[in-house]
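Peer 1: Since the structure of chain E is provided, determine the placement of chain U on it from the hints.
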Amino acid sequence: MKIDPAHDPGSSIALESGALTAAFAGAHLTRARIVATLSALTLLTAAILIGACAAGTVHISLIRAITDPASPDHAILFVARLPRVLMGALVGGILAIVGAALQALVRNPLAEGGILGISGGGALGAILALIFTWRMSAAAEIVPLCAFAAALGSTLLVYRLAQLHGQLEPFTLLLVGVIFNAFWGAAIMLVNSVVNFYYTHSILFWLMGSLESPSRGEIAMVAGIGFGGLIILTATARDLNLLSLGDDAAMDLGVDVSRSRRIIFVVTSIMIGAAVSVSGIISFVGLIVPHILRLALGADHRLLLPASMLGGAAFLVASDMIARTVIAPAEIPVGAITALCGGPFFIYMLRREGRRSFSL
Amino acid sequence: MKPAMAIHDSVIKVRNLVAGYGSLTVLSGVSIEVRAGELLAIVGPNGAGKSTLLRIMSGAFKPWSGTVELFGRSIAAYGKRELARNLATVAQENSVAFGFTVLEIVLMGRAPHLGPFHLESARDLEIAYDALDRFGLLRLSSRSIQELSGGERKRVFLARVLAQEPKIALLDEPSAFLDLRHTAEIFTRTRELCASRAMAVVATLHDLNAASEYADAVLLLKDGRAVAYGSPEQVLTADNVREVYETEVYVGRNPATGAIAILPAPGARP
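Chains as they are written, first to last, in the numbering used here: chain E, 1 to 360; chain U, 1 to 270.
Just chain E, same shape as in the assembly:
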């Protein structure tokens, strides 16, 4: 390379924006790419949602369901299928966007909501509530609330224990989360072994996840938290990009690292708490969806986060459609479907990442 000390390209560079666009095509995020990608994903998700409304044990006509309020099709669509599909979309979207954000937060592509112990705590809360309130008429409302409270309580514990010298260290957070996840799992098994057989099915529901019959209130709560979280997380997307370079580099680029980390941790915990409180533990969505999207769209979280929300919605609704149709009239818990897809995928990723030098 020719070296010329007097040369200062800062002043001499006068590139046409067209030439720059050509030189950097596809190498960075542009507004056009955001709009095109999110539009395409929205269309795909909408198509899957409509398909999931139409598919089921009973064949229904969507047109008759909408145009004829007296038809059985109407009742099936609006009472049984639509709430379930909507809940699937919301929960899937939350799990995926939270997975993407947490992976950046702990700087590890194998992170998701479950590994921070949040889902496990929520499930334990739900199971205990179920056992102690089953004779009460308000049990159906109390159980999700207890799940939510327990998820947040578990979060608070993990958060307190992961702090060292007032700093939230990613590696400590990951370790404490994994420990809590195992601990809550053991506690659930303990409860399962001492209670009546009557509860076993319900306990399985919370452990494997299900989107069966959500109420309107539940849908509204999850939607509110989901969209609120989407906005806050997208606002922190650039901080997440910078945090991928490491704490010191992020700080050097003007990120208030501990503040960002706290915001992201608290917001993702609330979102996971809300999802667990209505659907139990649905694993691997938060792992698979962001990973595939990162391969397809690149690592920039300003696109990855909203895209994960859409991709997660599509993935979980499709999984749930399989869960309720393959062995109809019986059902497979949707968490089993996502885990069956996710297990082999997880191994594949581990093998793949193992070849690369990897640091936390």
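Do not take every clue at face value.
[Said to hold, decoys possible] Pair ranges (Cβ atoms, derived):
#	chain 1	residue 1	chain 2	residue 2	range
1	U	Leu119	E	Pro344	56 to 64 Å
2	E	Leu164	U	Leu263	42 to 50 Å
3	E	Ala36	U	Asp133	44 to 52 Å
4	E	Leu157	U	Tyr21	48 to 56 Å
5	E	Thr30	U	Asn46	29 to 37 Å
6	U	Glu147	E	Leu175	28 to 36 Å
7	E	Ala220	U	Ser23	53 to 61 Å
8	U	Gln146	E	Pro329	21 to 29 Å
9	E	Leu44	U	Gln146	22 to 30 Å
10	U	Pro116	E	Arg216	42 to 50 Å
11	U	Gly115	E	Leu157	33 to 41 Å
12	E	Ala187	U	Ser23	49 to 57 Å
13	U	Ala77	E	Pro344	49 to 57 Å
14	U	Tyr21	E	Ala40	16 to 24 Å
[Said to hold, decoys possible] Lysine to any residue pairs mimicking SDA-like chemistry, simulated, CA-CA at most 20 Å apart:
#	chain 1	residue 1	chain 2	residue 2
15	U	Lys80	E	Asp247
16	U	Lys62	E	Leu164
17	U	Lys80	E	Val257
18	U	Lys62	E	Ile50
19	U	Lys62	E	Arg259
20	U	Lys62	U	Pro116
21	U	Lys167	E	Gly254
22	U	Lys167	U	Asp179
23	U	Lys80	E	Gly254
24	U	Lys80	E	Asp256
25	U	Lys80	E	Ser193
26	U	Lys167	U	Glu82
27	U	Lys62	E	Asp248
28	U	Lys167	E	Ser71
29	U	Lys62	E	Ala32
30	U	Lys62	E	Glu169
Note that these hints are calculated values from the structure, not bench results.
Heads up, the beta-carbon is just placed ideally off N, CA and C, and yes, glycines get one too.
Peer 2: This is chain U only, laid out in the frame that chain E set:
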């Protein structure tokens, strides 16, 4: 840029730093001053306190006592983003958690200049193009950072600092992992920037010859104390180097550039 810069000719003023970890004192009473356009090299054996000094100057680490002033203002008085617009750092090791492209990494240097929801503008792209061009990285623009060699990665992070357009750059071992040609190249680039942008640079170095060749001033540290501080000729004497590194050396001159050249001379008698 600011009139303040003309008045406070010294861009960085560090006075009487005392710092450490727990009960271990790492720096005891270090003072330095760097002017606009100057390159200061901090040299010394492993564990001398070089990186700690750099981390204090970047605001990442708080000293026990002593002051750091940038443009006549205490570093503590700067907001995080304001500081990032004035001062950039390249760490010794740079690991990236995800497969960002080289261009994306360099564009991250623009972050302190952008509002929260803003995408990079055409001007930001021009700045990134310039930075990539200077380090010969244009053809790697769309490659994933995780696929690059250690040396290429180092250059990407230096280009990122350039895109950040700071007045001060702190470089921790900028030539680590670099081959001969790229070592010469990054120091030459750095010197150019000192001259053309009046940028003040502080670099920790293991390579004493690079320090003598490229630095305006050298701080020789041992056990957290400044053994010598001044021009390369004053600091890099056979006596000083022998005392600090506890090894015999030959100190002569590079016949091509006239700069001090230091060679290890094990077994030689003083």
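Peer 1: Check the following: the C-beta atoms of Ala187/E and Ser23/U are separated by a distance inside 49 to 57 Å.
Peer 2: violated (41 Å)
Peer 1: Given a hint of 33 to 41 Å, does the C-beta separation of Gly115/U and Leu157/E actually sit inside it?
Peer 2: At roughly 37 Å between Cβ atoms, Leu157/E and Gly115/U fall inside 33 to 41 Å, so the hint holds.
Peer 1: Has the given pair, Lys62/U with Asp248/E, been kept, meaning a C-alpha gap of at most 20 Å?
Peer 2: Satisfied, since the Cα-Cα distance of roughly 14 Å is no more than 20 Å.
Peer 1: Does Lys62/U pair with Leu164/E here, judged by a C-alpha cut-off of 20 Å?
Peer 2: Answer holds: Lys62/U to Leu164/E is near 17 Å, not above 20 Å.
Peer 1: Would the hint linking Lys80/U and Ser193/E be met if the CA-CA limit is 20 Å?
Peer 2: Outside the cut-off at roughly 53 Å; violated.
Peer 1: Do the alpha carbons of Lys62/U and Arg259/E lie within 20 Å of each other, as the hint requires?
Peer 2: Holds, at roughly 18 Å.
Peer 1: Regarding the pair Lys167/U and Gly254/E, is the alpha-carbon distance no greater than 20 Å?
Peer 2: Distance of about 15 Å is within 20 Å: holds.
Peer 1: Is it true that the C-beta distance of Leu44/E to Gln146/U lies inside 22 to 30 Å, as the hint says?
Peer 2: holds (28 Å)
Peer 1: Hint says 53 to 61 Å; check whether the CB-CB distance for Ala220/E and Ser23/U agrees.
Peer 2: holds (56 Å)
Peer 1: Given the hint of 16 to 24 Å, check if Tyr21/U and Ala40/E actually sit that far apart at their C-beta atoms.
Peer 2: Given range 16 to 24 Å: violated, Cβ gap about 52 Å.
Peer 1: Quickly compare the C-alpha distance for Lys62/U and Glu169/E to 20 Å and report which way the hint goes.
Peer 2: holds (18 Å)
Peer 1: Just to be sure I understand the hint, the distance between the Cβ atoms of Ala36/E and Asp133/U should be within 44 to 52 Å; is that true here?
Peer 2: violated (29 Å)
Hints 1, 3, 4, 5, 8, 10, 12, 14, 18, 20, 22, 25, 28, 29 from the list above are not met by this structure, while the remaining hints are.
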